[in-house]
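A.B. asks: The listed protein sequences derive, respectively, from chains A and B. If you count the first sequence from 1, position 63 lands on 52 in this note's numbering, and the numbers rise without skipping. Going from the second sequence to this note's numbering is simple: count from 1 and add 55.
For the record, the hints were derived by calculation from the structure and aren't laboratory data. Glycine included, C-beta positions come from ideal geometry on N, C-alpha and C. Treat the hints loosely; a few may be bogus.
Label-pair restraints from in silico Cβ distances [claimed, not checked]:
#  : chain 1 : residue 1 : chain 2 : residue 2 : range
1  : B       : 191       : A       : 52        : 33 to 39 Å
2  : A       : 63        : B       : 254       : 35 to 41 Å
3  : A       : 137       : B       : 79        : 52 to 58 Å
4  : B       : 270       : A       : 38        : 44 to 50 Å
5  : B       : 69        : A       : 36        : 43 to 49 Å
6  : A       : 12        : B       : 190       : 49 to 55 Å
7  : A       : 132       : B       : 95        : 35 to 41 Å
8  : A       : 53        : B       : 195       : 50 to 56 Å
9  : B       : 93        : A       : 63        : 31 to 37 Å
10 : B       : 212       : A       : 67        : 48 to 54 Å
11 : B       : 195       : A       : 141       : 31 to 37 Å
Taking lysine to any residue pairs in the SDA-like style, the calculated list, with each CA pair at most 25 Å apart, reads [as the list claims (entries may be wrong)]:
#  : chain 1 : residue 1 : chain 2 : residue 2
12 : B       : 207       : A       : 151
13 : B       : 207       : A       : 77
14 : B       : 200       : A       : 7
15 : B       : 207       : A       : 7
16 : B       : 207       : A       : 85
17 : B       : 200       : B       : 127
18 : A       : 151       : A       : 141
19 : B       : 207       : A       : 3
20 : A       : 151       : A       : 134
21 : B       : 207       : B       : 241
22 : B       : 207       : A       : 81
23 : B       : 200       : A       : 10
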Amino acid sequence: MTQLLPTPSQTVGPYLSIGLPWPDGPFVVPDGTPGAFWIRGTVRDGAGDPIPDALIETWQADPDGGFRHPDDPRGEASGEFRGFGRCPTQPDGTYGILTVLPGVLPGEHGTEQARHIDVSVFARGLLHRVVTRIYFEDQDNSDDPVLETVPEDRRDTLVAVKTADGYHFDVRLQGEDETVFFEV
Amino acid sequence: MAAPTELRLPRYRRDPDGTHPPLDSPGYRSTALRHPEQPLVLLPNQLTEITGPLLGPGRLGELDNDLTRQHAEEPQGQRIIVTGRLLDGDGRPVRDSLIEIWQANAGGRYRHTGDRWPSPLDPNFDGVGRTLTDGDGCYTFTTIKPGAYPWKNHDNAWRPAHIHFSVFGSAFTQRLVTQMYFPDDPLFGQDPVFNSVPDEQARQRMISSYDHEVTRPEWALGFRFDIVLRGREASVFEEEEDDD
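With the rest of the complex left out, here is chain A (with noise of 0.2 Å):
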């Protein structure tokens, strides 16, 4: 079959909010879902500054584990779970997005994934998006494969923290506390 080269990627610029924010973006599951939380934070730049012109996007399993997708092997999930949220953050930096805690999943050679959601950040000034991972810290994280092979004294920049409605999540693109990003 003939390869075809890809097409590079560039930012989204300043003025992403114009074309790709959505009413329900933040909303992975409905308002009003048993079990949802908000997971709330602040983008910040390698000044600590917060970031008004970033977006976050979100996607993972529904709580049973399952994905509503043809390439999971073991079978496509039934039901309405969207799995994807997508949030533009505001003039402080702040974004939220409204979901519930995905299941448990299995790894390669029999490991386990903890609980986790998948993230892109796209921002002016990202030529290309950088993904990351939230884990949850009130979860069983200790064998996970994922977390294993990130340096011990960053893993805590994946883990989001418990709060009043849900967990805390910041994200730091460069500096100290710099958050953990994946080549995927």
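On the provided structure of chain A, position chain B as indicated by the hints.
C.D. replies: Then chain B, alone, in the frame of chain A:
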């Protein structure tokens, strides 16, 4: 659901070096405080990465793919049709997949409160479009040709005319946001965003081509722009199929 002993997941090939811009691209000043300094950690693709949102027709309005018909009157500027295919790196069409675009108006002004350069807004142009690819991976937008605009990155800096494209593909690994440029733009040479892509041939893949076949006589010019996402490594299963 019972956990199988071993998952057989599709694998996505790495894009060739030089395809994507380095996050630290000093010519584009905004990267200075926004690029990670720590090395990226390799995440071998697992279930969450080889799946992705499949966002369907429910998100689209009837005129979302025609940016010239979203208001009572027509926008100013040169009408154009932009069409192409969304493919993976093996030439397979990516079907029923959401494509989102946004752009400046004919004078190079975005309908965004942060865009203050003195070129007028067009009351008949929002500059936002969405569509789904069809069964062959094809998409089409009708819009107007965006203008170039100045920005403050360097002395007398101008962005070449471009349309922002956001595509999902069929897996989290394939998510891509890019910009489509127009052929023979004299502003390419001084633009650090376009030139942030290291490989000269990769840069050419962001430039649409004029296609007279795409024009609509007495109405609009036509441009063609294919978007190629990461391809899959051949699985054992597919190799067996190829042997048949």
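A.B. asks: For the hint 48 to 54 Å, verify it against the beta carbon of residue 212(B) and that of residue 67(A).
C.D. replies: holds, 52 Å
A.B. asks: Checking one constraint from the list: CA of residue 207(B) to CA of residue 241(B), max 25 Å. Satisfied?
C.D. replies: Roughly 18 Å separates the two Cα atoms, so the pair holds.
A.B. asks: Please verify whether residue 207(B) and residue 3(A) have alpha carbons no more than 25 Å apart.
C.D. replies: Roughly 12 Å separates the two Cα atoms, so the pair holds.
A.B. asks: Could you grab the alpha-carbon distance between residue 207(B) and residue 85(A) and see if it respects the 25 Å cut-off?
C.D. replies: Given that 25 Å is the threshold and the Cα spacing comes to 31 Å, the pair is violated.
A.B. asks: Does 35 to 41 Å hold as the CB distance between residue 63(A) and residue 254(B), or does it fail?
C.D. replies: holds, 38 Å
A.B. asks: Take the C-beta atom of residue 53(A) and the C-beta atom of residue 195(B), compute their distance, and say whether it sits inside 50 to 56 Å.
C.D. replies: The hint (50 to 56 Å, Cβ to Cβ) is violated, given that residue 53(A) and residue 195(B) are roughly 39 Å apart.
A.B. asks: Taking the CB of residue 132(A) and the CB of residue 95(B), does the distance hold inside 35 to 41 Å?
C.D. replies: violated, 23 Å
A.B. asks: Within 31 to 37 Å or not, the Cβ separation of residue 93(B) and residue 63(A)?
C.D. replies: Distance hint for residue 93(B), residue 63(A) holds at roughly 34 Å.
A.B. asks: So the hint says 44 to 50 Å: do the beta-carbon atoms of residue 270(B) and residue 38(A) match that?
C.D. replies: holds, 47 Å
A.B. asks: Honestly, do residue 12(A) and residue 190(B) meet the 49 to 55 Å range at C-beta?
C.D. replies: Given a distance of about 29 Å, which is not inside 49 to 55 Å, the answer is violated.
A.B. asks: Within 25 Å, alpha carbon to alpha carbon, are residue 200(B) and residue 7(A)?
C.D. replies: holds, 17 Å
A.B. asks: Taking 25 Å as the top limit, are the C-alpha atoms of residue 151(A) and residue 141(A) close enough?
C.D. replies: The hint holds at about 20 Å.
Checked against the numbered hints above, the structure violates hints 3, 5, 6, 7, 8, 11, 12 and 16; every other hint is satisfied.
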